[in-house]
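Engineer: Protein chains in written order, with the working numbering: chain P, 1 to 113; chain F, 1 to 109.
Simulated from the structure, these hints should not be mistaken for lab results. Given the structure is predicted, the values throughout are model-derived calculations rather than measurements. Any given hint could turn out to be false.
[What the hints assert, rightly or not] Quick list of in silico lysine-lysine cross-link-like pairs, DSSO-like style, CA-CA up to 27 Å:
| id | chain 1 | residue 1 | chain 2 | residue 2 |
| --- | --- | --- | --- | --- |
| 1 | F | 36 | F | 56 |
| 2 | F | 36 | P | 9 |
| 3 | F | 56 | F | 70 |
| 4 | F | 70 | F | 36 |
| 5 | F | 96 | F | 36 |
| 6 | P | 57 | F | 96 |
| 7 | F | 96 | F | 67 |
| 8 | P | 57 | P | 14 |
| 9 | F | 96 | P | 71 |
| 10 | P | 57 | P | 71 |
| 11 | F | 36 | F | 68 |
| 12 | F | 56 | P | 9 |
| 13 | P | 9 | P | 71 |
| 14 | P | 57 | P | 9 |
| 15 | P | 57 | F | 68 |
Spelled out from the first residue to the last, the chains are:
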Amino acid sequence: NAGVTQTPKFQVLKTGQSMTLQCAQDMNHNSMYWYRQDPGMGLRLIYYSASEGTTDKGEVPNGYNVSRLNKREFSLRLESAAPSQTSVYFCAIVPGQLGDTQYFGPGTRLTVL
Amino acid sequence: GEDVEQSLFLSVREGDSSVINCTYTDSSSTYLYWYKQEPGAGLQLLTYIFSNMDMKQDQRLTVLLNKKDKHLSLRIADTQTGDSAIYFCAESNDYKLSFGAGTTVTVRA
């Protein structure tokens, strides 16, 4: 997984609970991304960060916040989880050796009841 | 993503060739990718093609790119049971990737 770690691997929440998904890279790469994967819909970009301290919205940002406090970590926060946020969440990085090719973490499976 | 389309399912006999097709919309994409996802795992970069190429071969994998029709295909020769997975086509633009919905390939004995 190209040096990308995600925690936790699995999580079950009740509607209205909050949680933070963590992503960390072991290399000094600038760009980091958060995606969600739902059956039949491929991957959809939630937020991305081109560099430390900057973040931008992707295709489906509503209900999420992100934080890129340092180059190594990019966190995704659900302030008030909803069943529609049940999904598998992937973090990705762009090492830059091959243009903007992205390499993915192992994923976090989130269920919101 | 709605900009990248691929068929959802493909069933192939072990030993035959698999061909997965994809159409995309952004003619300015620099790279086009194929990712593989095995059950319960993340996405693994399988291969890629630079937009100024029309073919790339890597062992059992052949990627064909038709820029005029915005059509990308992945051929897997001598398909094995370990090739059973979901295959995603993706196009790059401005440091973002747009993914297709994925093609589930099932290899039968």
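Engineer: Each of the hints needs a verdict: does it hold here or not?
Structural biologist: Against the structure, the hints:
1. F:36 <-> F:56: 17 Å, holds
2. F:36 <-> P:9: 20 Å, holds
3. F:56 <-> F:70: 16 Å, holds
4. F:70 <-> F:36: 21 Å, holds
5. F:96 <-> F:36: With a Cα-Cα distance of about 18 Å, the restraint between residue 96 of chain F and residue 36 of chain F holds, given a limit of 27 Å.
6. P:57 <-> F:96: Holds: residue 57 of chain P and residue 96 of chain F sit about 11 Å apart, inside 27 Å.
7. F:96 <-> F:67: Since the Cα atoms of residue 96 of chain F and residue 67 of chain F sit roughly 20 Å apart, the hinted pair holds (cutoff 27 Å).
8. P:57 <-> P:14: Distance of about 26 Å is within 27 Å: holds.
9. F:96 <-> P:71: Within the cut-off at roughly 19 Å; holds.
10. P:57 <-> P:71: 18 Å, holds
11. F:36 <-> F:68: 26 Å, holds
12. F:56 <-> P:9: 35 Å, violated
13. P:9 <-> P:71: 22 Å, holds
14. P:57 <-> P:9: 24 Å, holds
15. P:57 <-> F:68: 31 Å, violated
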